[in-house]
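Q: Required output: the full structure, derived from the provided sequences and hints.
Residue numbers (our numbering), protein chains in the order written: chain A, 1 to 470; chain B, 1001 to 1470; chain C, 2001 to 2470.
Heads up, some of the hints might be wrong.
Stated by the list, open to error - Pair by pair, the computed Cβ-Cβ distance ranges are: (1) D1325(B) <-> K123(A): 51 to 57 Å; (2) D2043(C) <-> R1295(B): 40 to 46 Å; (3) R2324(C) <-> E1206(B): 43 to 49 Å; (4) G1075(B) <-> H205(A): 34 to 40 Å; (5) G88(A) <-> G2301(C): 32 to 38 Å; (6) M1(A) <-> D2043(C): 48 to 54 Å; (7) A2177(C) <-> G88(A): 57 to 63 Å; (8) A2320(C) <-> E1206(B): 39 to 45 Å; (9) A2320(C) <-> E1280(B): 26 to 32 Å; (10) R2321(C) <-> D1299(B): 24 to 30 Å; (11) R2049(C) <-> E1280(B): 56 to 62 Å; (12) R1267(B) <-> E264(A): 33 to 39 Å; (13) E206(A) <-> E1206(B): 44 to 50 Å; (14) V1129(B) <-> E264(A): 53 to 59 Å.
What the hints assert, rightly or not - Reference listing, derived: stretches of chain B covered by chain A, where coverage requires no fewer than 3 residues with Cβ under 8 Å from a Cβ of chain A: (15) 1062-1072; (16) 1311-1318; (17) 1361-1367.
I should point out that these hints are in silico values taken from the structure, not numbers from a laboratory. We put the CB at the ideal spot given by N, CA and C, even for glycine.
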Amino acid sequence: MPKPLVLHDDRLFPADPGTRGIARRLYAEVRDLPIISPHGHTDPSWFSRNEPFPNPTELLLAPDHYLFRMLYSQGIALEDLGVAALAGPSQADPRAAWRLFAANQHLFRGTPSSGWLAWVFSKVFGLDVRLDADTADLYYDTIDAALRTPEFRPRALFERYNIEVIATTESPLDSLAHHEAIRDSDWSGRVVSAYRPDPVVDPEHEQFPQALARFAELTGEDTHSWSGYLAAHRRRRADFAAVGTTSSDHGHPTARTADLSPAEAERLFARVVAGGASAEDAELFRAQMLTEMARMSLDDGFVLQIHPGAFRNHNPGLFARFGRDKGADIPTATEYVRALQPLLGRFGNEPGLTIIVFTLDETSYARELAPLAGHYPALKLGPAWWFHDSPEGLMRFREQTTETAGFYNTVGFNDDTRAFLSIPARHDTARRIDCAWLARLVAEHRLDEDAAAEVAVDLAYTLPKRAYRL
Amino acid sequence: MPKPLVLHDDRLFPADPGTRGIARRLYAEVRDLPIISPHGHTDPSWFSRNEPFPNPTELLLAPDHYLFRMLYSQGIALEDLGVAALAGPSQADPRAAWRLFAANQHLFRGTPSSGWLAWVFSKVFGLDVRLDADTADLYYDTIDAALRTPEFRPRALFERYNIEVIATTESPLDSLAHHEAIRDSDWSGRVVSAYRPDPVVDPEHEQFPQALARFAELTGEDTHSWSGYLAAHRRRRADFAAVGTTSSDHGHPTARTADLSPAEAERLFARVVAGGASAEDAELFRAQMLTEMARMSLDDGFVLQIHPGAFRNHNPGLFARFGRDKGADIPTATEYVRALQPLLGRFGNEPGLTIIVFTLDETSYARELAPLAGHYPALKLGPAWWFHDSPEGLMRFREQTTETAGFYNTVGFNDDTRAFLSIPARHDTARRIDCAWLARLVAEHRLDEDAAAEVAVDLAYTLPKRAYRL
Amino acid sequence: MPKPLVLHDDRLFPADPGTRGIARRLYAEVRDLPIISPHGHTDPSWFSRNEPFPNPTELLLAPDHYLFRMLYSQGIALEDLGVAALAGPSQADPRAAWRLFAANQHLFRGTPSSGWLAWVFSKVFGLDVRLDADTADLYYDTIDAALRTPEFRPRALFERYNIEVIATTESPLDSLAHHEAIRDSDWSGRVVSAYRPDPVVDPEHEQFPQALARFAELTGEDTHSWSGYLAAHRRRRADFAAVGTTSSDHGHPTARTADLSPAEAERLFARVVAGGASAEDAELFRAQMLTEMARMSLDDGFVLQIHPGAFRNHNPGLFARFGRDKGADIPTATEYVRALQPLLGRFGNEPGLTIIVFTLDETSYARELAPLAGHYPALKLGPAWWFHDSPEGLMRFREQTTETAGFYNTVGFNDDTRAFLSIPARHDTARRIDCAWLARLVAEHRLDEDAAAEVAVDLAYTLPKRAYRL
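A: Here you go:
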């Protein structure tokens, strides 16, 4: 007897009936607003080619590190889940992988993945029983059949999902061909890129020398001189702007910034391109490049996003076999006050600049980030990120930032995901939690309900659109 | 159509009706208790001169860094808000500044400032519509008119506010003339000082050499010798005691303490007064001075307050134009266990000594401060402070300290403010949140209601009076 | 008129009636499950000798550092509470000590001790009035009389408490005589040991040289050579296994691990046994020993527990008079990501290994530990520990770990106590809080109630039994 899959209308709302009633009313104001997805990792080729997605395992399981990391943590081999190794694609039968996933759904109890998946299963595929060992094949067949229909192609889902604009993320070495194809197509969906220069900014990346060479080819600049290297960035930022880009994004080990003199920066760059830069030089170079990017933002208006604090590739055995992004990136304590001071001291008072800072270290919300964003005109707080864009994590973000930074120094929600099918579920989670938080403020007579309704709309729609200049 | 300003009787109480009912009953026990304000930054000249406060902008907006930092963070110039620059007073028209403040009230949604202001507007000035662009002039005129009446002079408000005692904070270089005038007047209000020697203790303060010279003049001691310097402190502490002082206060970058031998301390002091002390010597000197102050407390009974952990003047551009205390002080991660060990190892078991420690780093509540205060007889926990004396911050303090330190190793509430008009609102917020926390303990059958009522009174009145020896 | 002592059936459940109803139903599933106590500090001689416990003070007050540290923090001398000094046993009259404790019960308001004690007083001794100055003698006489009856001997309580298995903790220098006696007796109670080698692993322990010598005597190995030292560990682990041991336990200042080559490890050990190892060598040796213990676990199947992060003996004056474990151990900020990388990089993917890590630094839950446990097959999260195994602490553990690690990378509850009488109260607290958390997930439609009921049973019984291989 399969168990019913129920997606309750009141999910994620506070249990207290009075507060829940307020949350319902606030949520009614934002439930149907278009999705602004200002930062994420979907693949632009989906939207340029508009080809069918493959089978359930390749669509939903194998690319989703939230899912396979949890299964791996309980001793299930990645090979058995359809995850490609460096040596080649998984040999696992997709249906067998799906059954393994289905039989271990208990591992996801209480996790955000269970909520996102329930939404996808119920709302997108119309399933009304829970996924488990007994229903694995029913699920596989239902989803597989749906994916072969036109209604489940990427552009159709994009429209069904009411996405007003979505940003992907590309390196300066990307040709942007898919973005150009989308732009030049007759499809009206708005898909923009974000400029993520980490491969040409991080001297510790194993491909850094090749990346610099390719950067030169693509731009015609001498990327081994400091002035040519900066010019190459400016050229590529202009190329990105031409496909709608309004932001850059920077994933660094720390939040460190620097404000070196031009001569110091040039000497540092010379050491970096000579190869064998010390760890301190590599860190200092990344730090200085954030300030350089901010300087370019003063000209081209790109919003500067900083995503610091992940210890990447913590598991060397897994990295050797499977490479990056396999669930072995772990947050670390991250300091912002001293780290951001050079950048903010230089450009923090610029009215035309927007710097959006994220954190994997929740202790910085109330202690460092809200006080900084509640002072500097250029600084805004990115939403709860990665390990923290969950119901509890989203609520902690509001509980710990609102009193010092208010709502208007935050920028709404980022799904930041490659899991395209769950994007509405993620935004819906954020909208529900924001309404739950606002409802608590109203119920405790800390905010009037009419004001709360305005804030709810601003968080869901107005603020991300404004902050990212979309 | 202006929106109603409603100050609900149940504000800040939990939404659950049963818990709210308990909170109401507990709050009824403490609502009308006199205010003990054992630590703050009001100006003693208000009470000695008893002159009318100036206009609404100069009274409520320009001096309140909670308010103007939020407005500044959204691109509003401090000059336009009536904030004085180093070069001279603001040229802004006070009414125009007030209108700018009024039109941006949405920025304060969900912040403690909105609650404090609502109390002042409603309870003190009798306003019953919300402040916004349309009501800006009504507000300005109403408040301005009230301030010209006798009922709104400082002493009248002090009495109306039912303040039993208030402590201001002065440097050893202060003449204490205002305190002497109050003491010698026929007014019965109790206004005491606190001894805050940072200017003569911090070698990194830009005025340190001049401060030492002035310290010598005031005391007749040789403040450039270690023994004379200590004697000068003793003299001034005696002067402060004569105007009712019962505490010293120390705002240091870190919580570091030291317990040097007399010879080591003397050599350190010699390096410090010679000028050009290293950062480490400056830090060590501040650290040693906490222990010296504790030693003096054994004699004169002053309570020792430590307020560590702010990165001061983070925004150099703003500092150059506007100076200190302009909303650019940012909390930092603060370590207490190793930092306080020299002081506590030396004096922590003294039954006659009270050290009250504060933090801007909430991670230390459960991890470091509650365990330390739950062990050392001399150590008590100061309440949630500065960025954290908000509804959420006050609640986190109780949630994270009570289980290890209990209630009786805490000292009630400090408003710690220069915003005199909102002092009752701040104490009321603290009383309501403490009652909300106690009500939850009662509702969850973790505490009997009769015991909770005793605790509520102790937190609101008995503990601060006892801890500060008032 | 004494006040009634009421142990409410709904204690620790959320106040919202709907959520409370769910919590009640979930709790009904786990209330009567046997106790699995996989890690703690009870004395095996209690169960081998089965002698009566002494008077109330010696049983309940003098050994319980949660109680006497709170009293000490308010200026009550340990001597007066029956706590033995190094110089000899307390001279305090047990009844006088008990009266002092009784008269200060207000200090425990809101602390977990008050809940544990209320359970012991009510459920074990049948008392129905609250402990205070007036009832001190009633309590003393009632408890004292009960302790003289057979029903209150250790084995009788063990059975009445429905303990399926309990683990004590012994050093490799322990003879295990009590465990052997229990094993060889006709009593069926299951009491096992845990292998805690800190005295022979920590070069900074004051008894380290003597411990190594004794370790050699007990094992017949040359404990001053690296290979002999490791062989001695293997021998003693086998001895422990023979009395049912399934785990080792390691209490280190930090979580640091190392993965040295055999030659490096041998050279390090040589420096350590030569005496006067540097602090860095001592730290590195402890770090390497965690990896060596994990290597042995691959052979003998012991679960490896790491309990890091306490600053021991913070109060030197108290330490000099009373020695260790007197409430002066204070948690410190503890880093796990870099610290555990050598161990996890080496053995983290081993399917047969279980490493259980604990923390005194709650900031690591969501930031470091849940992400690590949600990835590495060998790593599991130990429950909230020591200062944090309280209602708020247990709830924070679930709120901050569940979303990333799920429930199945945690291992249920450890009481970790020497306070035998309160063991069921501690497990009951954990069960109630887990049910409260699950009830909230159900009430917010984040988890189905049938799944929540399965999880409740797994947390209370299945997971600790499985994780500890009991």
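Q: Which hints from the list above does the structure break, by number from lowest to highest?
A: none
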